[in-house]
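Student: Spelled out from the first residue to the last, the chains are:
Protein chains: 2
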Amino acid sequence: MFKELDPILHAQLRLAVVSLLIGVKEAEFTFIKEKTNATAGNLSVQIQKLKEAGYIEVTKQFVNNYPQTTCKITQQGIVAFEKYVAALQQYLNVSESQK
Amino acid sequence: MFKELDPILHAQLRLAVVSLLIGVKEAEFTFIKEKTNATAGNLSVQIQKLKEAGYIEVTKQFVNNYPQTTCKITQQGIVAFEKYVAALQQYLNVSESQK
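Just so you know, the protein sequences line up as chains G and P, in that order.
Going by numbering that gives the first Met the number 0, the letters in the first sequence line up with residues 0 to 98, in that order.
Going by numbering that gives the first Met the number 0, the letters in the second sequence line up with residues 0 to 98, in that order.
Incorrect hints may have been included.
If several chains are the same, the list does not tell them apart, and a pair holds so long as it fits within one copy or across any two.
The calculated lysine to any residue pairs, modelled on SDA-like cross-linking and capped at a C-alpha distance of 25 Å, are [stated by the list, open to error]: (1) Lys-34 - Val-57; (2) Lys-82 - Thr-68; (3) Lys-2 - Ala-37; (4) Lys-59 - Asn-92; (5) Lys-2 - Glu-27; (6) Lys-50 - Thr-69; (7) Lys-82 - Gln-60; (8) Lys-50 - Glu-3; (9) Lys-2 - Thr-69; (10) Lys-34 - Asp-5.
Quick caveat, the hints were computed from the structure, so don't treat them as lab data.
Chain G with its partners taken away, still in its complex shape:
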């Protein structure tokens, strides 16, 4: 039987954001936008969903009069990502899981 894949993470842009944040721990909105090639609108929506799930923390502050949004992975986000990767392996490692 196939394991359930976390629907919060099994969406391309949200997965990209979490994958990115796992690697760098925290990053600015503009950096994430550049790396994921997403529109600001779509990225904002997906970041909000990740925040609501408790997978990331979002901090907004002004730096030199410019608003800056910083995203940081949470422990819950790390655990969810690891669980997701483990579940997904079952779908990808065909030779091990199916043969």
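Guided by the hints, dock chain P onto chain G, whose structure is given.
Tutor: For chain P alone, coordinates are given in the frame of chain G:
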């Protein structure tokens, strides 16, 4: 930059079906239903989408007066799956792609 993930495959049930068929080459509808724990209705819809994408072939025949639907992976399906797995690795292998 993150690679695009094939939306046909980046859906849990369709991915499970293709993953299963990659392993066994061809399988009956009832076997796939059991292995994926999907409803017949949802599975029918997703199988139709995979067929339309050219990733699987679907054969319907009568065996002992019972209708039997058999699904088989196509070469195009195998290539798409391999490409999807390769693209997805970038999202999963954080240490390699991001650090």
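Student: All hints are to be evaluated individually against the structure, with a verdict given for each.
Tutor: Verification of the hints:
1. Lys-34 - Val-57: Result: close within a single copy only, 18 Å intra versus 39 Å inter.
2. Lys-82 - Thr-68: Neither: 27 Å inside a copy, 34 Å across copies.
3. Lys-2 - Ala-37: between (29 Å within a copy, 12 Å between copies)
4. Lys-59 - Asn-92: Answer is neither; intra-copy 40 Å and inter-copy 29 Å both fail.
5. Lys-2 - Glu-27: Answer is between; shortest inter-copy Cα gap is 21 Å, intra-copy 33 Å.
6. Lys-50 - Thr-69: within (12 Å within a copy, 43 Å between copies)
7. Lys-82 - Gln-60: neither (32 Å within a copy, 41 Å between copies)
8. Lys-50 - Glu-3: For Lys-50 and Glu-3, the Cα distance is within 25 Å both inside one copy (21 Å) and across copies (23 Å).
9. Lys-2 - Thr-69: between (33 Å within a copy, 23 Å between copies)
10. Lys-34 - Asp-5: Both, since 23 Å and 19 Å are each at most 25 Å.
Checked against the numbered hints given earlier, this structure breaks hints 2, 4, 7; the rest are met.
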